[in-house]
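Chains as they are written, first to last, in numbering that gives the first Met the number 0: chain A, 0 to 269; chain B, 0 to 254.
A few of these clues could be false.
[As the list claims (entries may be wrong)] Each computed BS3-like pair below joins lysine-lysine, with the alpha-carbon atoms no more than 25 Å apart:
1) A:Lys236 - A:Lys155
2) A:Lys205 - B:Lys234
3) A:Lys257 - A:Lys6
4) A:Lys117 - A:Lys106
5) A:Lys205 - B:Lys231
6) A:Lys205 - B:Lys148
7) B:Lys151 - A:Lys205
8) B:Lys16 - A:Lys155
9) A:Lys155 - B:Lys18
[What the hints assert, rightly or not] Facing chain A, according to a computed beta carbon distance under 8 Å, are these residues of chain B, among others:
10) Val74
11) Lys151
12) Val154
13) Leu158
14) Leu241
15) Phe248
FYI, nobody ran anything at the bench for these hints, they're computed from the structure.
Please read these numbers as outputs of a predicted model, since none were measured by experiment.
The beta-carbon is built from N, C-alpha and C at its ideal position, and this holds for glycine as well.
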Amino acid sequence: MTQEALKELEDLVGRYCELVEAELTERITAWHPKFEEREMYQVIGGLLAREVTLAIELAKSPSTWNGHFAPLVLRSMVDGYITLSWIFQDSLARARKFILFGLGQEKLNLEHRRNQLKKQGVDPDDDRGVKIKEMWINSPQFTFLTEVNVGSWSGKTPREMAEEAGCIDLYNFAYSPFSLAMHNMWPHIEAYNLEPCTNPLHGGHKIAGIRKAPWDVDYLYRVAKYARKSFNLFDAKTAIKPSSPSAFNFLCEWLKGKSKSKDSLGKEPT
Amino acid sequence: MRKKKNTGQVLQDHVRKGKRFTPPLIDKLGPMQHVHWIDDLLPEFLWIGLLIKQYDLKESIELCSVLSKATNEVVRPDKSHAFYQISEYALVSSVHASGIASVLGKEKTEKIFVPLWTLVQQYPECPFRNFFSDSWAKEYPLERDSATKFLKEVVDLMLDRRDKFGMYVQTTAYYLGLISGKIKIFANLECAHYDPNWILDYPDTENSLKLAGAVRNAINMGGGIVTDSHAKWCKYFWNRGLEISPCEFWRGTPQ
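Chain A on its own, in the form it takes in the complex (with noise of 0.2 Å):
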């Protein structure tokens, strides 16, 4: 890539990053619930933060858009939208639900390291990582209060989830394929990390390596893609006008400058 290129990408890339953290902070900053429902506030504001974020660190890491990696953060940016949608459908007490499930999920990993020190001779109680971990969830619930649910959060799947929030698509054509790179499925790993080997006296076998994945701006599309979407599902739900610049419209407007198909660019993801 020439020095010239390189700036344009750095200078996009930045550009792109102002705007969608800008759409976020107007976002948060507009939207005041009321305090008896700060959980709603707190996890849905996360959330979208929690997009935006994976949004932000893939765009700044040009490296990583290619089919070994983006995906990773794709699958969790729909998995984060999937939750979104739900958690909007009965917003204070699916909140709340999500928090709970989390101190457990903290209560569960911290007795685990509990019995793993007492294994190896220490004392938890002495162990500063123990004490602060149990500061943390203490917070909002005394751990002995806690109780841990070692099934779905939900008490739904993701594609139950998604079904009841109208986005069985995303499941479908975004959740489902991207899985397959996240759970080191064989589709990815023979796609990805076994190279065919041509000579015929083998009868086709596989050796096992790192293939070349092709570096991929559609990555970095797609990650504002659905950050866009996360934003739309939050106005919608919130009422909120928002009227910073949208940066998923702005990277449209510099790919369609340099791609020649222009019809799928920049259409409002739903």
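Let chain A serve as the given structure and place chain B on it in line with the hints.
Same frame as chain A, now just chain B:
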């Protein structure tokens, strides 16, 4: 587990059992034993491919037929053999081999075994080995690289069994099965009236496609019968291939 009717939008013809969706064929017939063309069959019919590549189809069929007949005549196995699979030639001792060569005559022996020498030279455990005396290498010197190249070309042609070359090989084997009586077809079946010559028009005619389907089916059924020598030869063939030549990749070695 109870079977449920699948009422979803996709895989509607599948039968749902819990979280599993079973294809209708498997549901009706039960689990199947897979016969792999590459793993289990290609190594067995490679000798036919070598002859077809060396000569034309008509001459190759004739050479394969005379070898099969001569081998049956000399070896007189307890059970009938088509001698269309390489592993069957494990029954041939050096004494048998001399007898078979006498039946064939010098000219036919040379025609058949010179192409097969490219195989045996690279794969010394090949069941054809008893046909090749120690003097063979001196009388028919073969440059190793050119032998490997010839083998690769033929194996490459045979990798896709539905391709023309692969079908010529299988139809030749099918023909050997028919003339030896190893393959029998009920007279009231449609495929009993298929003419093996239809394969010359493959895949451009309806008849050739029908014949090809029947041939593949018959070859699979034969391939499903696994003898010790069959399993041994097929496993040896592919493992030996890994020894005698390196892996090749489209874009160089993987990183």
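With chain A as the partner, please determine if Lys151 of chain B meets the hint condition of a C-beta pair closer than 8 Å. holds (5 Å)
If you draw a straight line from the CA of Lys257 of chain A to the CA of Lys6 of chain A, is it 25 Å or shorter? holds (15 Å)
Starting from Lys205 of chain A, check that the Cα of Lys148 of chain B is at most 25 Å away, please. holds (21 Å)
Holds or violated: Val154 of chain B as interface residue toward chain A, Cβ cutoff 8 Å? Hint on Val154 of chain B: holds, closest Cβ of chain A at ~4 Å, below 8 Å.
Check whether the Cα positions of Lys205 of chain A and Lys234 of chain B lie no farther apart than 25 Å. Measuring from Cα to Cα gives roughly 17 Å; hence the hint holds.
Do the alpha carbons of Lys117 of chain A and Lys106 of chain A lie within 25 Å of each other, as the hint requires? holds (16 Å)
25 Å Cα cutoff - pair Lys205 of chain A, Lys231 of chain B: holds (22 Å)
If you draw a straight line from the CA of Lys155 of chain A to the CA of Lys18 of chain B, is it 25 Å or shorter? Given that 25 Å is the threshold and the Cα spacing comes to 15 Å, the pair holds.
Verify the interface restraint on Phe248 of chain B: the C-beta must sit less than 8 Å from at least one C-beta of chain A. Since the shortest Cβ distance to chain A is 5 Å, the answer is holds.
Straight-line Cα separation of Lys236 of chain A and Lys155 of chain A no greater than 25 Å? Roughly 22 Å between the alpha carbons, so the hint for Lys236 of chain A and Lys155 of chain A holds.
Take the C-alpha atoms of Lys16 of chain B and Lys155 of chain A, compute the straight-line distance between them, and say whether it is at most 25 Å. Holds - the C-alpha atoms of Lys155 of chain A and Lys16 of chain B are around 20 Å apart, at most 25 Å.
Min Cβ distance, Val74 of chain B to chain A: is it shorter than 8 Å? violated (30 Å)
Hint check: a violation occurs at hint 10 only; the rest are consistent with the structure.
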